[in-house]
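Engineer: Chains as they are written, first to last, in the numbering used here: chain F, 1 to 226; chain B, 1 to 452.
Every clue listed holds true.
Dumping the calculated BS3-like pairs for lysine-lysine here, alpha-carbon to alpha-carbon at most 25 angstroms:
#1 B/Lys119 / B/Lys48
#2 B/Lys119 / B/Lys50
#3 B/Lys409 / B/Lys365
#4 B/Lys240 / F/Lys224
#5 B/Lys270 / F/Lys153
#6 F/Lys202 / B/Lys302
#7 B/Lys240 / F/Lys221
#8 F/Lys202 / F/Lys224
#9 B/Lys437 / B/Lys181
#10 B/Lys240 / F/Lys10
#11 B/Lys240 / F/Lys223
#12 F/Lys22 / F/Lys223
#13 F/Lys201 / B/Lys302
#14 B/Lys302 / F/Lys197
#15 B/Lys270 / B/Lys302
#16 B/Lys240 / F/Lys165
#17 F/Lys224 / F/Lys197
#18 B/Lys192 / B/Lys2
#19 F/Lys89 / F/Lys68
#20 F/Lys153 / B/Lys302
#21 B/Lys295 / F/Lys153
#22 B/Lys240 / F/Lys2
#23 B/Lys240 / F/Lys22
#24 B/Lys6 / B/Lys192
To be clear, the hints were calculated from the coordinates, so they are not data collected in a lab.
What follows is each chain in one-letter form.
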Amino acid sequence: MKVLIIEDEKTLALEIRAFLNKAFYLCEMAHTGAKALEMLDLNLYDFILLDLGLPDMDGLQLLEEAKKLHADAAYIILTARGNIEDRIKGLDQGADDYLPKPFSLHELQSRMQAISRRKFGIRNELIPIGDFHVDLQNRSLSSGSDQIDLTRKEFDLLSYLLLHKNRVLTRMQLSEHIWGSFTDDDCDSNYIDVHIKNIRKKLGNYAPVDWLETVRGVGYKIKKQS
Amino acid sequence: MKLFSKLTLFITLSKLAIVLLFVLSLPYLVENIASEYTNNYLRQQCQKVKEVIARKGIDFYLEGSDSYGSYTLLKEEYIALEATDKSRILDTIENTQRVIEADTLNYRVLTHSFDVGDKHYLLEIGKTTSTISQYNKPLQRIASYVLVGLIVLTLIADLVFTRLLLRPLGQIIRTKLKNRKFPFRDDIPPVKTSTSDFKYLDESLILLMEQVHDAFEKEREFTANASHELMTPISILQNKIENLMDDFDVDEGLQERLADMQRTLNRLKKIVRSLLLISRIENEQFVRSESWNVKELFETVKEEIGHRMEERFISMELDISAGTVWHHINRDLIFQLVYNLINNSIKYNKDLGTIRVSEVHRSGKPYRLIIQDSGVGISETDLPAIFNRFRKLNTGEGSGYGLGLSIVKSIADYHQITISVDSVPAEGTRFQLTFPKEVISSSDQVRNLSAS
Chain F
1 MKVLIIEDEK TLALEIRAFL NKAFYLCEMA HTGAKALEML DLNLYDFILL
51 DLGLPDMDGL QLLEEAKKLH ADAAYIILTA RGNIEDRIKG LDQGADDYLP
101 KPFSLHELQS RMQAISRRKF GIRNELIPIG DFHVDLQNRS LSSGSDQIDL
151 TRKEFDLLSY LLLHKNRVLT RMQLSEHIWG SFTDDDCDSN YIDVHIKNIR
201 KKLGNYAPVD WLETVRGVGY KIKKQS
Chain B
1 MKLFSKLTLF ITLSKLAIVL LFVLSLPYLV ENIASEYTNN YLRQQCQKVK
51 EVIARKGIDF YLEGSDSYGS YTLLKEEYIA LEATDKSRIL DTIENTQRVI
101 EADTLNYRVL THSFDVGDKH YLLEIGKTTS TISQYNKPLQ RIASYVLVGL
151 IVLTLIADLV FTRLLLRPLG QIIRTKLKNR KFPFRDDIPP VKTSTSDFKY
201 LDESLILLME QVHDAFEKER EFTANASHEL MTPISILQNK IENLMDDFDV
251 DEGLQERLAD MQRTLNRLKK IVRSLLLISR IENEQFVRSE SWNVKELFET
301 VKEEIGHRME ERFISMELDI SAGTVWHHIN RDLIFQLVYN LINNSIKYNK
351 DLGTIRVSEV HRSGKPYRLI IQDSGVGISE TDLPAIFNRF RKLNTGEGSG
401 YGLGLSIVKS IADYHQITIS VDSVPAEGTR FQLTFPKEVI SSSDQVRNLS
451 AS
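Chain F extracted, bound-state conformation (with noise of 0.2 angstroms):
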């Protein structure tokens, strides 16, 4: 997938790219809102992040020449001004997410998945771990032919670990893609434990949940498959 980074911190948009690459994301990047017109006149992009608070250009207006260009893409936006106005007025103006910084590269990811599943249609079959099969479309667990119940909040942790498999998540990171920003200190931190637990407790009945791993005084990854 061909992705357009949009942000005049060219620090930030280095550090997008980096990220993305590792998850197969094709990237290049703009750093002014003209640059960034002439590169979507010229090139398709599948999906165009874009920073609102550009110094040439009104992140909006661009937004909306954007897609006379590119209709299809999927665009999100990303801004530290973070007001509810311009949050309104971008989700109007056809954005597909909104992110506002500072925001996690791994809940960038988990939404720019979202909407390709949801825009493009790109249904992952189940995804296997260890002895389970997961399914995000309906958002199912099962083992064999055992559906296993987990809440909202467990299945969320474990599709956000399955998508970032192989990278320790710090229970931050985890908190905060569950609960948002209502999460107050590292209060909520020792929550995800609990939720871990039980995770493999329900699943443990079934089958070995050694792929699931705890990295000590860090957080928690899925290990890759061999």
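Since chain F is already given, all that's left is putting chain B on it; use the hints.
Structural biologist: Positioned in the frame of chain F, the structure of chain B alone reads:
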């Protein structure tokens, strides 16, 4: 007491006092005047008699005899002149009795002695006392009526004028002080008055509020800009750390330190985010047009935060009618408000503690919501400061950085909800939210009210 009432009271009382004083002293005054007048009259008569004697001689009266006497028809006045051998000089006026043709009457009598040639004479002129005071009563009555009439007229004039005079003051109080809400965003024209004192007061108030407003604007702008400028570097740092953690996933020691960095950065992020939120609420960037069933709201909050309660075996009792709906609110903000309060109640609660949420809704009284916990409580010295930013309670082990309740306060203020706290250390804390009328009345009723 209001200035106008005070002035009215003073004016009325002072006039009443004057009336009272006058009415009380009137009989004495009238009597004095009448008696003084009579004395003058008697002296004038005496003078006339002496003039006649000087011109025409004593025999004009005596006609050869030793004495002369005369009185008016009803014996109201008399005159007596007689020769006397006593040479003492008399010149008095006194009330005394005289017998005239078998009638004993009270007279005011002038006694005057004088000499003509080598003879001594004594002159008496009398006037009955009843004729002296015959006009006293009606005079008093008329004087009283006129006085009361005049007093009433001036009283009315005074009150009308006072009212007119003080009207600008009332306007200043109403428009500049009572009906204005911090941070005095709207411009209100100066009150029209020709009284320079009021003009000065009005102008000073306008100036003062402008200054308050400017200071407030500056602070808000600073908060918003600072938060915004901070978000970008935080964003870069966070993403760099995330990328580093992915790159170094083999080295566990380094990863742990990176996770620590992330935690610290996260704290910074939350502070900035909270400050930005407060600044936005104060900037009125949120619309208040949504509704929420209160029970549903608390269930949602419970769903979000329930895991914290379960962990510490804290139970929550919801005593809220299923039909209660809050209107004219911002759902995101109200959620945050309730969330922060409940979170607070959990954080400072004891294990196995309780949280009780109840509502008080009596007709004619404002709707109230009460959140009572069985926590560590807040000491009396800390109570006034709990809504201040970055104020941490002295609980020692508490987490958080003291912005949660500041946010609660901002959101409450924004919705015109009054929030009050009382607390007993070691027993619990009670937050009480008093809602404005329009939040609790259904939107239909509000529409009807505004239409009528």
